[in-house]
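Q: Once you've looked at the hints, go ahead and assemble the two chains, each given alone in its own frame, into the complex.
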Amino acid sequence: QKEVEQNSGPLSVPEGAIASLNCTYSDRGSQSFFWYRQYSGKSPELIMSIYSNGDKEDGRFTAQLNKASQYVSLLIRDSQPSDSATYLCAVNIGGSQGNLIFGKGTKLSVKP
Amino acid sequence: DTGVSQDPRHKITKRGQNVTFRCDPISEHNRLYWYRQTLGQGPEFLTYFQNEAQLEKSRLLSDRFSAERPKGSFSTLEIQRTEQGDSAMYLCASSRQGMGSPLHFGNGTRLTVT
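Protein sequence lines, in the order shown, are assigned to chains A and B. Count along the first sequence starting at 1, add 1467, and that's the number in this note's numbering. Count along the second sequence starting at 1, add 1396, and that's the number in this note's numbering.
Keep in mind the hints are simulated off the structure, nothing from the lab. Hints may be right or wrong, so weigh each one.
Derived lysine to aspartate or glutamate pairs resembling DMTMM-like cross-links, with alpha carbons at most 20 Å apart [unchecked claim]: (1) A/K1509 x B/D1403; (2) A/K1571 x B/D1482; (3) A/K1469 x B/D1420; (4) A/K1469 x B/E1452; (5) B/K1467 x B/E1440; (6) A/K1509 x B/D1482.
Derived CB-CB ranges, DEER-like [claimed, not checked]: (7) B/R1405 x A/A1535: 23 to 33 Å; (8) A/D1522 x B/K1467: 37 to 47 Å; (9) A/E1524 x B/T1510: 41 to 51 Å; (10) B/E1479 x A/S1507: 44 to 54 Å.
From the three backbone atoms N, C-alpha and C, an ideal C-beta is built for every residue, glycine too.
So that you can see chain B by itself, here it is in the shape it has in the complex (with noise of 0.2 Å):
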């Protein structure tokens, strides 16, 4: 079990541009999710994955915000055209099926658009 990895760790970008964040989850966890957070605030859910298939979206997460998750393993979140409100931690968990399945969380991706 090496955890859920993340990259970049940091993302620094001009407002306007285009940025990709990845998630490797646990290899044996099925369903992998992204949620977002910012300063005082608890983690806000975004979207999530049973295998390959997207099952749920916030209806909170703009038309700029496309995640991706091609061959049920690791994933992508593409923010688009980026705003300075998109500044946030943006957290990858993953779990094995099921309800009561805890979320292991990754270290994050914290984007600052300037």
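One chain only, chain A, in its complex shape (with noise of 0.2 Å):
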């Protein structure tokens, strides 16, 4: 079975703060890594990909990857209340020609 784990949280952060979202991946074979973030009733929003090893910024937002760790990460610096939603970490595992295999994702809560 293939899968991708994320902590589920809530993880909470003070405003200003820097949060740290984890995930990690079974399949060795996968490529092309995305974050993306999900307001309670709302559909996922794409917020980040990466598809090789180090660090990619985007604004507030840096994605980790590292593959021989199996392990990719999402920084968000100076954390807003608006921040505050469901982070789903993605992975489109190895041999699959498109589909993209969901984490369970991790609830962030900034407080202010």
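A: Below, the structure is given as structure tokens:
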């Protein structure tokens, strides 16, 4: 069973702090990695994609990928109350042409 | 880019009835996906199409579920003889071809089976 694992949280951080969200995956052949944000009652919204080892920065968001450790993370700098949501890690499992496998998500709460 | 459109937004049905949902993808995307999501869980893959061809189906997908994309544009997902366990959010997504292409989701159809 090819899996994507995330801590369900909730992860609570104060406004202005760095929020760190983590994800591990089971299939070494995985090649594409995504972070989605999902507000309660809404559909997932793409935040970041990352395909090679290292860091990728986009505004307040940084995605980090370590394929050797099968680990991908998302850092949110200067966290805002509007960042409070569930963050879903998604992995394009190696060998599959198209579908993404999602983790259960980590619920983030940013306290004012 | 008008986004992925799903209809209806909500559906309440009685157990044993059949239901059908529609999804219109982003026009330039040739891949279309169906996912199901229940409370506290991530989206669970059901099936996906590339143009009109259904390329992959989840082994978890009951034979009561069928999806079509007859002209490679919109898609329908039908659930026959609904059960209470089918209650969930049904999400449609689309993407360009290519393994690294991200999925863009519609607003979903929330199904409640009573």
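Q: Hint by hint, say whether it matches the structure.
A: Okay, the hints, checked on the actual structure:
{"no.": "1", "hint": "A/K1509 x B/D1403", "in the structure": "holds (15 Å)"}
{"no.": "2", "hint": "A/K1571 x B/D1482", "in the structure": "holds (18 Å)"}
{"no.": "3", "hint": "A/K1469 x B/D1420", "in the structure": "violated (29 Å)"}
{"no.": "4", "hint": "A/K1469 x B/E1452", "in the structure": "holds (16 Å)"}
{"no.": "5", "hint": "B/K1467 x B/E1440", "in the structure": "violated (25 Å)"}
{"no.": "6", "hint": "A/K1509 x B/D1482", "in the structure": "holds (19 Å)"}
{"no.": "7", "hint": "B/R1405 x A/A1535: 23 to 33 Å", "in the structure": "violated (44 Å)"}
{"no.": "8", "hint": "A/D1522 x B/K1467: 37 to 47 Å", "in the structure": "holds (43 Å)"}
{"no.": "9", "hint": "A/E1524 x B/T1510: 41 to 51 Å", "in the structure": "holds (48 Å)"}
{"no.": "10", "hint": "B/E1479 x A/S1507: 44 to 54 Å", "in the structure": "violated (26 Å)"}
Comparing the model with each numbered hint stated earlier shows that hints 3, 5, 7, 10 do not hold.
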